[in-house]
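Listed in order, the protein sequences are those of chains W and U. First residue of the first sequence? That's 4 in the numbering used here, and the numbers climb one at a time after it. First residue of the second sequence? That's 37 in the numbering used here, and the numbers climb one at a time after it.
By construction, these hints were calculated from the structure, which means they are not laboratory data. Watch out, some of these pointers could steer you wrong.
Below, simulated SDA-like cross-link-like pairs (lysine to any residue); rule was C-alpha separation at most 25 angstroms, straight line [unchecked claim]:
1) K171(W) - G663(U)
2) K84(U) - T254(W)
3) K837(U) - D793(U)
4) K84(U) - G279(W)
With beta-carbon atoms standing in for the labels, derived distance ranges [to be verified]:
5) D335(W) - G83(U): 51 to 61 angstroms
6) Q121(W) - R776(U): 21 to 31 angstroms
7) N122(U) - D335(W): 48 to 58 angstroms
No experiment lies behind these values; they were computed from the predicted model shown. Note that the Cβ used here is the ideal one computed from N, Cα and C, for glycine as well.
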Amino acid sequence: MTDKETHLANLEQIQKDALAALADVADADALEAWRVAHLGRSSAVMGVFSSMGTLDKELRPLMGKTANEVRQALEGALEEKRQLMEADALKQALETEKLDVTLPGRPVTRGRLHPLTQVLRRIIQIFGDMGFQVYPSPEVETDDYNFTYLNMPPYHPARDMWDTFYTKQEGVLLRTHTSPGQIRVMRARAPEPIRVILPGATMRYEQLSARSEIEFAQVEVLVVGERVSFAELKGTLDDFARRLFGEEARTRLRPSHFPFTEPSAEFDVGCFVCEGEGCPVCKETGWLEILGCGMVHPVVLEYGGYDPAVYSGFAAGMGIDRSTLMRYRIDDIRHFRNNDVRFLRQF
Amino acid sequence: MKVPLTWLADYVDIDDLDIESLAKVMTMVGLEVEEIRLVGLAMPPGGKHEFKYTGITWPADKFVVAQVDEVMPHPNADRLILCRVNDGTQEIIVLTGAPNLYEYKGIGPLEQPLKVAYAREGAVLYDGHQPGRQLMTLKKMKIRGVESSSMICSEKELGISDAHEGVIILDDDAPTGAPLADYMGDAVFDVDTLPNMVRDASVLGMAREVAAALGKPLREPDAFLEMTGPSLEGRAAIEIRDPELNPRFVLGLIEGITVQPSPYWVRRRLNLAGMRPINCIVDATNYVMLELGEPLHAFDYDILVERAGGPPTIITRTAKAGETLTTLDGAQHQLDPEMELVTDTAGPLSLAGVMGGEESEVNGKTTNVLLEGASWNFINIRKTVSKLKISSEAAYRFSRGVHPALAETGVRLCLQRMAAWGSGQVAQGLLDNYPNPPHDPEVVLSAAWVNQSLGTDIPAQEIAEILGRLSFECQVEGDTITARTPPHRLDINEGLIGRADLLEEISRIYGYDKIPSRRLDQPLPPQNVNQALIMEDTLRDLLVNLGLQELVAYRMTAPEREARRFPPGFEAPDEDYLEIQNPITVERRVMRRSILVTMLEILEYNSNLDRRLAFFEIGPVFHPVAGQQLPDEKAMLSIGLTGLRAQPSWIDGEPPLMDFFDLKGVLEGMMAGLHIENVHFRAVEHPSLHPGKAAEIWIGEDVVGVMGELHPLVKANYELNDPPVYLAEIDLERLLEAARILFDVEAVPTYPPVLEDLAVVVDEAVSAAEVEAVIRQGGGESLTKVQLFDIFRGKQVGKGKKSLAFSLTYIAPDRTLTDKDVGKLRKRIVDLLDRELGAVLRS
Ligand SMILES: [Zn+2]
């Protein structure tokens, strides 16, 4: 064997030994030890470089090149091994970090609007899109605003339609409907045209039961102008019903009586529970009575400061509690003001 | 009102309509049908019905008219009888216990067979022996050795009334073998009568509406009256003291009447309409009231003669002080001087239009009847009814207005029926005192106005025709219609109001469903800005985002409930409440003054239902103000927090309890969200709050509310759990006034900030807010942020002292600050702290 062959064989052996050792490396520490042993300053391959001066001059370039190749091969192998080990480690780690994804999430503290507010907002939004603006009015009213100005002079039979809470203050009562707001807004705005929505709490003298409340929320709309027609009342309510109950909502107006409107009507919507087939919610009729409405009575216009010979208008009022009750098929109207968290947190 | 279909059919031809279609016609004309009770007739065809049906049907093969030819004793039972019955096809022996057949027992074949309602085996009917209405099926059975599978029916078994004391004995002309449903099957419409349509609280009134809706003629009852008795002239007199209260009074006399049951068909109709048959006299008055809508009153003429000692004079007048009257329901009433009465020279006879007196009432021995038909002022009747808390069918109608024209028709129809059902002779002539006939208004309106108001295009002729169907007399001239109100209505006014009244009539009969549906075509009114409303919505959203549940609460409460917000022994301020005159309970007899009490009660209600309670309510409180009719309705906001800061979970275990600073954080978050600046909190004493943990909430120079921990002594007034309760009460108006829709937004700084910490030691008495204010003053414009991040007390800082550590952020708008710049500012701050607060830099 020539000197050259011996040296080359030596280098080959160094590489072979190193790679064999690398195959046994199992963890990061061993890998570092291997790097120090096989690529470190005192490693065999580095020894070849440092002993280069002792070689024949002619041998030096070949040996240098070959030693370099061995070093690069070992470095390459090291890197490959490192990546392999990292991938293994990651894989192992991922396997051990497996969560039970069915465990509940960390609770967040979420607030909620009261269901009545949620429904009222939806209604205000729909009418708002049609140009109606909210007009607030008081909950405690005078007899005049609640009755007389609404075409119910004292002892008028229609006063029976509202069971009233009177107060010990002469002529003062708890409003039985939001309609006194009609007079208030008319007096504030006459002779401007009016398009308002009147929301608020109302009170009626009833025995508290699953079906009747003493306090409840109502919302009312009022339009006054020079040529307002019954057809426009119908169109406005039809649009409202389609937006609240869906594009396919069936509607109908049927004659009714309210002292402050004439003609008066009940506005019915096809029952959304049974879709018209008849169920307890709609009392087997397939229709739900949603609101009362009509053309503003001339006496009311007059009390409001509008000349009934020139102006006309329409009004429509609905109970928020009752429609929310129907909407969510709630069995007891008292839930709304009991404020039981087990009820409220469902909305 | 309950209307039997067959009765309605007397006045309008409805043979071509099934029950469902008729109910629909009625509902769409304003006679809302709430329920249809079948009493024999079949369900209308079609699977889907818009009305609620109850009751039973009588199939033709199961229910027929039959005749009892002989009533025989039962061989083994005294209380049972056997009837030989012919049902038109065969003879059957039927077992019954009907007491009203006992009188025929064992007398052999009947000369005049009894007509009965007969049910065959398999018939489904109501069980007469069970309470209420329970269905049963007729089956073959043996009672005491006699087999029976069919039945002679009582009213209860057929669903006509609740009577089960005997079987029905039909009128003699009932056709044996005819299906029972054909002979007397019916359907009762329960109609909700609108307050302005009391004219339709009668079968004829409803028939008129149906006829108008269908465009069919109305067959009014024939009021022809055969008067064969001696003249009434001089045998009674009428004196009306106040024609305003009693516009008309009519009297008629029938003599020699037999007090006996009315024909079966009359009793059946009365039963179906919800009135109990009594005898032919009372039945006739009730029948005509239901038919025509005119309540009538029958006096025993002989009793009146006896009281007067001769021909009676009927005087209508208001009560005299101290007068009393016992009405026929046995109640004695103290009368007051506004109440209208029917009297004679001896005193009160009846409460006019409301209820008759006991003394002059017809009875089993009556032979001569003086019949009253009158009209009364409806307001006066209402007052009487509401004062005496008395109700009757007559009062129901008279308190809503009955046209005086009906008084005479009513008397005629009623005398006619009394004569027919109880024999007797009607005296010649009626006495009719009619001092105050109403004016039946004439209303002029144009087709153009009608069509503009409805959005329709109905020709003038058609409008007149529609009104004509409701008995208005109309004249058309070009576009103008002149309509005279028919003499049975009091609900049509003059002029502009009359025009609106007629518009309702026209649209109702024309059909609401035929009126087009159009989008609003009106100028948009001036748009108004209401900042408070906008901000109130923003506020609700903010509080929801801060994790709070909104409440909607009762306004009615009681003073002692509100007093619970004070500790025991605290002398509550003498507060004036708006008191309710007719509360449903003492618990809710005033309008609330304090929104905090509502919050406390709702926290109390929920205290065991969730471990974290975080609520807010926006609503008014009511403060009466002297010299002002209506109370001030002050809009308030309340917030209530108690329990855990978050829901407990498997991850973090039990979170800490909320404290003062949770509430303060919510308030600060709310203020920031409303873009309210210049908010500060000052320690305060408040009777409901912990003396060391309460603060006033200030915006600029105004106090807008109070917040803090519920006083332990107040907490003890409520059933609350251990965790402390935190409350805030805020004047909503002031809060929202300070809120900004428009606010300044600062540019994002171009130059980098310089951050540094500063810890100072001050006396305990010095508040964090004071230290912060001095730091800001010293730092000037370049100091953009001051944040407290640590408070430390201990030996190192000395007794009665505390160390406050702040993190400071300096930014200059135009350059990068150097260490030298910041050093200068820092020195200024430290010097100022020393000078103002005696604060020492903590190393
Ligand atoms: Zn339904």
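Results for each hint:
For the hint pairing K171(W) with G663(U), the CA-to-CA distance comes to about 15 angstroms; that is within 25 angstroms, so the pair holds. Only pairs whose Cα atoms come within 25 angstroms are accepted, and K84(U) paired with T254(W) is accepted, the gap being roughly 17 angstroms. Distance hint between K837(U) and D793(U) is fulfilled; the C-alpha atoms sit about 19 angstroms from each other, no more than 25 angstroms. Annotation: proposed proximity of K84(U) to G279(W) holds, straight-line Cα distance about 8 angstroms (limit 25 angstroms).
In this structure the hint that D335(W) and G83(U) lie 51 to 61 angstroms apart at CB is violated, the actual value being about 32 angstroms. Judged by the Cβ atoms, the range 21 to 31 angstroms given for Q121(W) and R776(U) holds: they are separated by roughly 26 angstroms. For the pair N122(U) and D335(W), the supplied restraint of 48 to 58 angstroms holds, since their beta-carbon distance comes to about 57 angstroms.
Going through the hint list in order, the structure does not satisfy hint 5, though it satisfies all others.
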